[in-house]
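Novice: Could you put together the complete structure from these sequences and hints?
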Amino acid sequence: MAILITLDRLLERRGLTLTELSDRIGLTLANLSILKTNKARAVRFSTLEALCRELKCQPGDLLEYDED
Amino acid sequence: METYRADPMIKILGGLVSTAYFVMIVGTGLVLAGAPALKLFAADDAHWSWGLEVPAPVPDAPTTVRTSWGSAQLKVQDVRGKLLLPIGVIPWPLFAILWLHAAGAGTLILVSLHNLRRIFQRVRDGAPFDADNARRLRTLGFAMLGLALLSGVAELITTLLVKRGLPDAGSLPVALRVDGWFVLAALVLIALARIFRRGSDLESDQALVI
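These protein sequence lines map, in sequence, to chains A and Z.
Position one of the first sequence corresponds to residue 1 (the numbering used here), numbered consecutively onward.
Position one of the second sequence corresponds to residue 1001 (the numbering used here), numbered consecutively onward.
Don't take each hint at face value.
One-sided and incomplete, this derived list gives chain Z residues near chain A with beta-carbon spacing under 7 Å [stated by the list, open to error]: (1) Asp1044; (2) Leu1208; (3) Val1209; (4) Ile1210.
No lab work stands behind these hints: they were computed from the structure.
All C-beta atoms in this analysis are idealised placements derived from N, C-alpha and C, irrespective of residue type, glycine included.
Specialist: Below is the structure:
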């Protein structure tokens, strides 16, 4: 998939673990892992909203386009 | 997301199918083991007979009947009978055909019931669009097709053999009869299998939408 989710970078910046983020936004750890490892086929706006709220970022900070 | 709760009707129907499956296992076993045993050891006992479904001879020409609206033609057709032959008198070639038919039909019915049981279990578990369910529906469809053909061929061969043993059976109709409704139901199941396969693919995709 050419669209990458830069969750690692943002979690480090906020000092949060994946488990803590999962508790805060109500997504299971399994689903967050799917996002983090770029295996997701699509992201809902509601998920994007929750991530941006907890990680205090813009949607563009979370998404990266990699041609390769 | 709401927690899935199985429809009570699914539980009831699943229970009925499971019951039918186990009854069929016992019944098939009894017939397949019991019939040869009776033929070998109780040939003189006329109490035990095998029922053969045969077409019955019917008059060719229609009969005129009077109705309150006027005269009408009554054409008698598709009359069937059951020939109850004591097991001891059935010649071995005919007995073999009957036994093979019972074995084949019993197997196909058991395969169908087994797959249907599994389908109900997956639906009860909240996963109807399982790739396995698609495969099971296809198997069900082909089993029904097989049953329809097997029954038709077995009846054809049986009728031919019975005609030899019945002196007055000259007009016994001999034809390959395949139940069209069975074939239609089988085709519907095979088409449904494709739909479920697509549903399974969509559900897999959906699982990766976070």
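Novice: Now tell me if each hint is right for this structure.
Specialist: Structure-based check of all given hints:
no., hint, result
1, Asp1044, "70 Å, violated"
2, Leu1208, "4 Å, holds"
3, Val1209, "4 Å, holds"
4, Ile1210, "5 Å, holds"
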